[in-house]
Amino acid sequence: MPEGVSRIVEDLRLANLTKQFGETKAVDNLSITIPAGSFFALLGASGCGKTTTLRMVAGLEDPSAGQVFIGDKDITELRAFQRPVNTVFQSYALFPHLDIYENVAFGLRRRGVKDVDAQVGRMLELVELASLARRKPSQLSGGQQQRVAVARALINKPDVLLLDEPLGALDLKLRRQMQIELKRIQSEVGTTFVHVTHDQEEAMTMADTVAVMNAGRIEQLGHPADVYETPHTIFVANFLGQSNLIAGKKVTSGEIVEVAAFGLGFKMPASRNVAPGMNIVVGVRPEKITVLDLHDEDKLPAAHNRIFGVVTDVSYTGVSTQYLVETPWGQTIIAFEQNSIVGDRCAVGDQVVLGWAPEHTFGLDPAEGLTSGLDKAVVELESDPEA
Amino acid sequence: MRWIRQNVIGAIAILVLLYLFLPIAVVIIFSFNNPVGKYNLSWNEFSLDAWSQICGVPGVCSSFVTSIQIGLITTTFATILGTLIAFALVRYRFRGRSSTNLLIFMPMATPEIVMGSSLLALFLNLSFPLGAVTIMIAHIMFIISFVVVAVKARLQGMDPRLEEAARDLYASPYATFRYVTFPLVLPGIIGAALLGFSLSFDDFIISFFNAGTLVTFPIYIWGAAQRGIPPQVNALASLVFMSALLIVLSAQLVAWRKRRSLATR
Ligand SMILES: Nc1ncnc2c1ncn2[C@@H]1O[C@H](COP(=O)(O)OP(=O)(O)OP(=O)(O)O)[C@@H](O)[C@H]1O
Ligand SMILES: [Mg+2]
Numbered sequence: 001m002p003e004g005v006s007r008i009v010e011d012l013r014l015a016n017l018t019k020q021f022g023e024t025k026a027v028d029n030l031s032i033t034i035p036a037g038s039f040f041a042l043l044g045a046s047g048c049g050k051t052t053t054l055r056m057v058a059g060l061e062d063p064s065a066g067q068v069f070i071g072d073k074d075i076t077e078l079r080a081f082q083r084p085v086n087t088v089f090q091s092y093a094l095f096p097h098l099d100i101y102e103n104v105a106f107g108l109r110r111r112g113v114k115d116v117d118a119q120v121g122r123m124l125e126l127v128e129l130a131s132l133a134r135r136k137p138s139q140l141s142g143g144q145q146q147r148v149a150v151a152r153a154l155i156n157k158p159d160v161l162l163l164d165e166p167l168g169a170l171d172l173k174l175r176r177q178m179q180i181e182l183k184r185i186q187s188e189v190g191t192t193f194v195h196v197t198h199d200q201e202e203a204m205t206m207a208d209t210v211a212v213m214n215a216g217r218i219e220q221l222g223h224p225a226d227v228y229e230t231p232h233t234i235f236v237a238n239f240l241g242q243s244n245l246i247a248g249k250k251v252t253s254g255e256i257v258e259v260a261a262f263g264l265g266f267k268m269p270a271s272r273n274v275a276p277g278m279n280i281v282v283g284v285r286p287e288k289i290t291v292l293d294l295h296d297e298d299k300l301p302a303a304h305n306r307i308f309g310v311v312t313d314v315s316y317t318g319v320s321t322q323y324l325v326e327t328p329w330g331q332t333i334i335a336f337e338q339n340s341i342v343g344d345r346c347a348v349g350d351q352v353v354l355g356w357a358p359e360h361t362f363g364l365d366p367a368e369g370l371t372s373g374l375d376k377a378v379v380e381l382e383s384d385p386e387a
Numbered sequence: 388m389r390w391i392r393q394n395v396i397g398a399i400a401i402l403v404l405l406y407l408f409l410p411i412a413v414v415i416i417f418s419f420n421n422p423v424g425k426y427n428l429s430w431n432e433f434s435l436d437a438w439s440q441i442c443g444v445p446g447v448c449s450s451f452v453t454s455i456q457i458g459l460i461t462t463t464f465a466t467i468l469g470t471l472i473a474f475a476l477v478r479y480r481f482r483g484r485s486s487t488n489l490l491i492f493m494p495m496a497t498p499e500i501v502m503g504s505s506l507l508a509l510f511l512n513l514s515f516p517l518g519a520v521t522i523m524i525a526h527i528m529f530i531i532s533f534v535v536v537a538v539k540a541r542l543q544g545m546d547p548r549l550e551e552a553a554r555d556l557y558a559s560p561y562a563t564f565r566y567v568t569f570p571l572v573l574p575g576i577i578g579a580a581l582l583g584f585s586l587s588f589d590d591f592i593i594s595f596f597n598a599g600t601l602v603t604f605p606i607y608i609w610g611a612a613q614r615g616i617p618p619q620v621n622a623l624a625s626l627v628f629m630s631a632l633l634i635v636l637s638a639q640l641v642a643w644r645k646r647r648s649l650a651t652r
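Respectively, the protein sequence lines represent chains Y and D. FYI, the numbering used here numbers position 87 of the first sequence as 87, with every residue one higher than the one before it. FYI, the numbering used here numbers position 125 of the second sequence as 512, with every residue one higher than the one before it.
The set of hints was computed from the structure by calculation and includes no laboratory data. One or more of the hints may lead you astray.
The list that follows gives simulated cross-link-like pairs (lysine-lysine, DSBU-like), each with its CA atoms no further than 30 Å apart [to be verified]:
| no. | chain 1 | residue 1 | chain 2 | residue 2 |
| --- | --- | --- | --- | --- |
| 1 | Y | K114 | D | K645 |
| 2 | Y | K267 | Y | K250 |
| 3 | Y | K157 | Y | K73 |
| 4 | Y | K249 | Y | K267 |
| 5 | Y | K250 | Y | K288 |
| 6 | Y | K136 | D | K645 |
Based on the sequences and whatever the hints tell you, model everything.
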């Protein structure tokens, strides 16, 4: 492909894609369309089927059922080496016997491309590795290896680039740097990126679309802000960021849904409630909550939802302060407050009121249980009274 | 006290090396001896006769060449067959795979004298003429085991994701093998071949049973030992030792130069 000519990249579409390993359904009837040229993040806990999904797109695993399309073309039956898809593997999988140059040139050579030298040179420039072209992979740092892996895949100008937790092995600082780098490269080449990660912050900062995956299914998919602000399941509310969840019963419906729980009333717009029945879980993100001394309750707007409680813990984290507040019914509510308020912060033992806007409230179906999506170890720790 | 503690490991190392290399040193030194009488066992005087007339004793060189030829042919066949078996055992699930895995160890576990004599019985029963062919059949049989074990270890240690990465990067099954699998397994195959050659070259017991009238180098030495081993044998043995040394050293040199060229780049 001559440079400067924009090529037509097409949508990646998965249709009822399923993978069964014996008893376990690793991927369960997955149907999604990933728009051409977008940065798509697949987010989920370990073992939820992310790698398996990517492998089926790459052609390294045969689906038990369903199809993979690029544009209108069904590529389900194509072998891995015939697909316009390349992968950056979870462990890089660089060829140890070839130097960096040959690793990057591998795909071009297999396809018999002519100007290998120029293309490899340009690609190594792009990932800033030109000076290390003759090193072996084992002589590079983790971050450098990661860039080689990206270069080796990208040089083939695939329609779709699959990235399987490419940043998992890097330390935090390098990770942030690589995230920016990857994002830059993506906007430069315009390839569709499907990025698997279990770092939610990474998914939200990089992607145009995030999909939260759980046990082989997509729980929710959308713009990062939408998924975060309006989770549709308890799993998403807990897995993507943190949430305070209070189980209650619907009192009124209409434009505004009112829920009664523990003698208190909570309101939310009907559009933010997904619970089908009378039982509703009321949710709110910690940073949406204002923490006020009980005497200052009148400072809260009248329409705000509110909870009363006692501060049990205050931790200062620099940008914000995290409060743990115990409610009369024994639940701990978590709240973040920006450290921009003038005056005293609340202290442990203070009687406080927690307030937030109905528009920041969401309603969920309680069927899956309030701890769905939480780290199991944390749940056990918190429910253990001795701890 | 401290001096002893600091040097004890060095001292032990020197003793062990002496223990390992003394016999070889003796062999080399006595290749320069001009023995009195038949036996090259006590030092008489320095001489280059054994080296300048290395084939001076009848039978020495021809037996040496025979052993080299048998070693090369045996190694070629055993390496190819053993490599194929190793790939089959690691890469494919087939009926009888686990029993093959076990049986492949049998020739290594069987005492050579048992194997040599039973092979002889077999060849005699089939009225198969004894000679180079029977020796090679016997050698290939037990060297295959060593090759399979060495290549299998290499294959199993290989990350399967490397081959997947190759396929992902447009390599057909053949290209994947040619450019990824084979180069990665090659050191194992070369190692197996070197080991195989030295096992064949060195083998006396099995060869002796199945040689008929053919004289290999070990058989020649065994025969000569009755009459007194000529210093030419020492010279040839020194040559073998030095070629082995040369192979090791040049491998080291290649690795060292690679590292250096990287450092200066
Ligand atoms: N080859 C296989 N044979 C049997 N089960 C498998 C195989 N590969 C994956 N699985 C199972 O399928 C499920 C999904 O695995 P997958 O590797 O897709 O998870 P993942 O989401 O990528 O997890 P992680 O974040 O830990 O990489 C897991 O339960 C796993 O045990
Ligand atoms: Mg994975």
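Legend entry - Hints that the structure is at odds with (numbers, increasing): Of the numbered hints, all hold.
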